[in-house]
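Residue numbers (my numbering), protein chains in the order written: chain E, 317 to 457; chain F, 4 to 67.
The set of hints was computed from the structure by calculation and includes no laboratory data. Warning: the hint list may mix true and false statements.
To be verified - Facing chain E, a subset of chain F residues (Cβ under 8 Å, in silico):
| no. | residue |
| --- | --- |
| 1 | Asn-27 |
| 2 | Val-28 |
| 3 | Thr-32 |
| 4 | Gln-38 |
| 5 | Gly-39 |
| 6 | Ser-44 |
| 7 | Leu-47 |
Even glycine gets a Cβ: it sits at the ideal position worked out from N, Cα and C.
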Amino acid sequence: MLGKPEWFGPRKYTGWGATPRTWQGWVYVLVAVAPLALFGALPLSGSTKPILMGIWAAIFIVDFIDIILRMQRDERERLHEAIAERNALWVIIVVLAVGIAYQAAQSSVLGKPRIDPIILIAVIAGVIVKAVTNIYLDSRD
Amino acid sequence: MRTHIEFFRKKLGLTQEELARRVNVARQTIISLEQGKYNPSLYLAFAVTKTLKKRYIEDLFELE
Numbered sequence: 317m318l319g320k321p322e323w324f325g326p327r328k329y330t331g332w333g334a335t336p337r338t339w340q341g342w343v344y345v346l347v348a349v350a351p352l353a354l355f356g357a358l359p360l361s362g363s364t365k366p367i368l369m370g371i372w373a374a375i376f377i378v379d380f381i382d383i384i385l386r387m388q389r390d391e392r393e394r395l396h397e398a399i400a401e402r403n404a405l406w407v408i409i410v411v412l413a414v415g416i417a418y419q420a421a422q423s424s425v426l427g428k429p430r431i432d433p434i435i436l437i438a439v440i441a442g443v444i445v446k447a448v449t450n451i452y453l454d455s456r457d
Numbered sequence: 004m005r006t007h008i009e010f011f012r013k014k015l016g017l018t019q020e021e022l023a024r025r026v027n028v029a030r031q032t033i034i035s036l037e038q039g040k041y042n043p044s045l046y047l048a049f050a051v052t053k054t055l056k057k058r059y060i061e062d063l064f065e066l067e
């Protein structure tokens, strides 16, 4: 692929993803982002511009995901990441649950059932992933 | 847990960075091990023991 995991470190304090750790990482980010601005400025017709930008962005998004997946973490870093991700997940679940409860209360007051399906799908998807992960881990160890 | 990693590491003339590279962990992990702040897996404990040329894990790690 285009970028190397050694150029980046995991993002720990500002969300998810990776942040450049070496000058090569910063060059990678520049090469990924700068042409998008350039494509925007080019006098291209109709759908050519968004298609070009879309293809360029897709290449780097896929490559960046590959970089994140290949990033090396030792056992301590993996443990810290697992704990931090677990805590973040609990907060997200609580907020989603509050959101669902609020929408349910609001819709019962208004007499019109309306709960955002995306929130429900997110919670259900999370439950499924957790179950599958535990099944896999139990069978492995 | 108390460790004697720093003592034996310096005895061998290794920096934290070098030891980290040899056992394939981050330098911060070696720092945490030396300060007794992180309890390693058995695998890592054995790897550090072998790298520092000690025979027994107990030579490096002491349960408090």
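Earlier hints that do not hold, by number: Per hint list: 4, 5 violated.
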